[in-house]
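For what it's worth, our numbering labels the leading residue of the sequence shown as 30, then goes sequentially.
Heads up, some of the hints might be wrong.
[Said to hold, decoys possible] Each pair of labels, with its calculated beta carbon distance range:
no. : residue 1 : residue 2 : range
1   : Glu107    : His54     : 19 to 27 Å
2   : Asp189    : Asn252    : 38 to 46 Å
3   : Glu228    : Asp206    : 13 to 21 Å
4   : Lys137    : His54     : 16 to 24 Å
5   : Asp239    : Ala138    : 23 to 31 Å
6   : Glu209    : Arg244    : 20 to 28 Å
7   : Trp36     : Asn220    : 15 to 23 Å
8   : Asp219    : Gln99     : 40 to 48 Å
[Unchecked claim] Subject to a maximum C-alpha distance of 20 Å in a straight line, what follows is the list of computed DMTMM-like cross-link-like pairs (lysine to aspartate or glutamate):
no. : residue 1 : residue 2
9   : Lys57     : Glu79
10  : Lys45     : Glu130
11  : Lys127    : Asp168
12  : Lys45     : Asp143
What the hints contain is simulated information worked out from the structure, not anything from laboratory work.
Here the structure is a predicted model, which is why all the values come from computation and not from measurement.
Glycine included, C-beta positions come from ideal geometry on N, C-alpha and C.
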Amino acid sequence: MSVTTQWIEIDSADGKFGAYLAIPHTRKGPGIVLIQEIFGVNEHIRSVAEQYAADGYLVIAPDLFWRSGQRIELAYDEAGWKRAVELMNATDVGQAQKDIELAIDALKAQPGLDGGIASIGYCFGGLLSYHTAANGLVDVAVAYYGGGIQNQLERADEIDVPLLMHFGEEDSHIPLDAVEKIAERFENNDNVEIVVYPEAEHGFNCSHRDSYNQRAAAEAHGNTLIFLGQEL
Numbered sequence: 030m031s032v033t034t035q036w037i038e039i040d041s042a043d044g045k046f047g048a049y050l051a052i053p054h055t056r057k058g059p060g061i062v063l064i065q066e067i068f069g070v071n072e073h074i075r076s077v078a079e080q081y082a083a084d085g086y087l088v089i090a091p092d093l094f095w096r097s098g099q100r101i102e103l104a105y106d107e108a109g110w111k112r113a114v115e116l117m118n119a120t121d122v123g124q125a126q127k128d129i130e131l132a133i134d135a136l137k138a139q140p141g142l143d144g145g146i147a148s149i150g151y152c153f154g155g156l157l158s159y160h161t162a163a164n165g166l167v168d169v170a171v172a173y174y175g176g177g178i179q180n181q182l183e184r185a186d187e188i189d190v191p192l193l194m195h196f197g198e199e200d201s202h203i204p205l206d207a208v209e210k211i212a213e214r215f216e217n218n219d220n221v222e223i224v225v226y227p228e229a230e231h232g233f234n235c236s237h238r239d240s241y242n243q244r245a246a247a248e249a250h251g252n253t254l255i256f257l258g259q260e261l
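Based on the sequences and whatever the hints tell you, model everything.
Encoded structure:
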């Protein structure tokens, strides 16, 4: 049996929202809550969920833009970027965190969950993965090019779980001085690891974007799997 996928519905105080669930062929494994970019749970994020399911994880990717419209998914063109920024600005981070917590609860209810749960987020989702770690909702956390983490370092002391952060050396949205600021704040925290990938732009993990960097994506995925294997 191969990876199986489906959309499920999750109840919240504000209504129902969707989440994309990917289950490995073994039907069991540790869990991952996969946190979207600003482009929604689109084809790319679904493919990432399936990739981690193929790696042996139960993966859930909640639709965090559902209050603006169910299952919004955007392309990486000019119109997509414009709409994505609008949706991000309309999203309350506190509400998004509650939705992520509900998605984690839904993951915990899966009969095949065998082990801890990690959060992995990309871009806006990277920042939310950082908050998820600070909120103590997961056992480990990964943030890919998490925009704005450098402005949320007052939460650094709340990070009590292993945290891996990936950044691109040539990220036009997250300058290296921001990465250095983050690194300085966590230099005495042995639970936090930061990797900077040479010649990598923002969104380097996404094969649907012009900024895709195959080598950086492969190395980051490998580093993430090693990190999860060691810490989860």
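Results for each hint:
1. The beta-carbon spacing between Glu107 and His54, approximately 39 Å, falls outside the hinted interval of 19 to 27 Å.
2. Between Asp189 and Asn252 the beta carbons are some 21 Å apart, a value that contradicts the proposed interval 38 to 46 Å.
3. Against the hinted window of 13 to 21 Å, the Cβ-Cβ separation of Glu228 and Asp206 comes to about 18 Å, which satisfies the hint.
4. Against the hinted window of 16 to 24 Å, the Cβ-Cβ separation of Lys137 and His54 comes to about 21 Å, which satisfies the hint.
5. In this structure the supplied range 23 to 31 Å is violated for Asp239 paired with Ala138, their Cβ-Cβ distance being about 39 Å.
6. Range check, Glu209 to Arg244: Cβ separation about 23 Å, and the 20 to 28 Å hint holds.
7. Look at Trp36 against Asn220: about 34 Å separates their beta carbons, and that is not inside 15 to 23 Å.
8. Separation of Asp219 from Gln99 is about 42 Å and conforms to the stated range, judged on CB atoms against 40 to 48 Å.
9. Under the criterion of a C-alpha separation no larger than 20 Å, the hint pairing Lys57 with Glu79 is consistent with the structure, at around 14 Å.
10. Among the hinted pairs, Lys45 with Glu130 is consistent with the structure: their alpha-carbon atoms are about 14 Å apart, no more than 20 Å.
11. The suggested pairing of Lys127 with Asp168 holds, with an alpha-carbon distance near 17 Å, which does not exceed 20 Å.
12. The straight-line distance between the Cα atoms of Lys45 and Asp143 is roughly 26 Å, outside the 20 Å bound, and the hint therefore fails.
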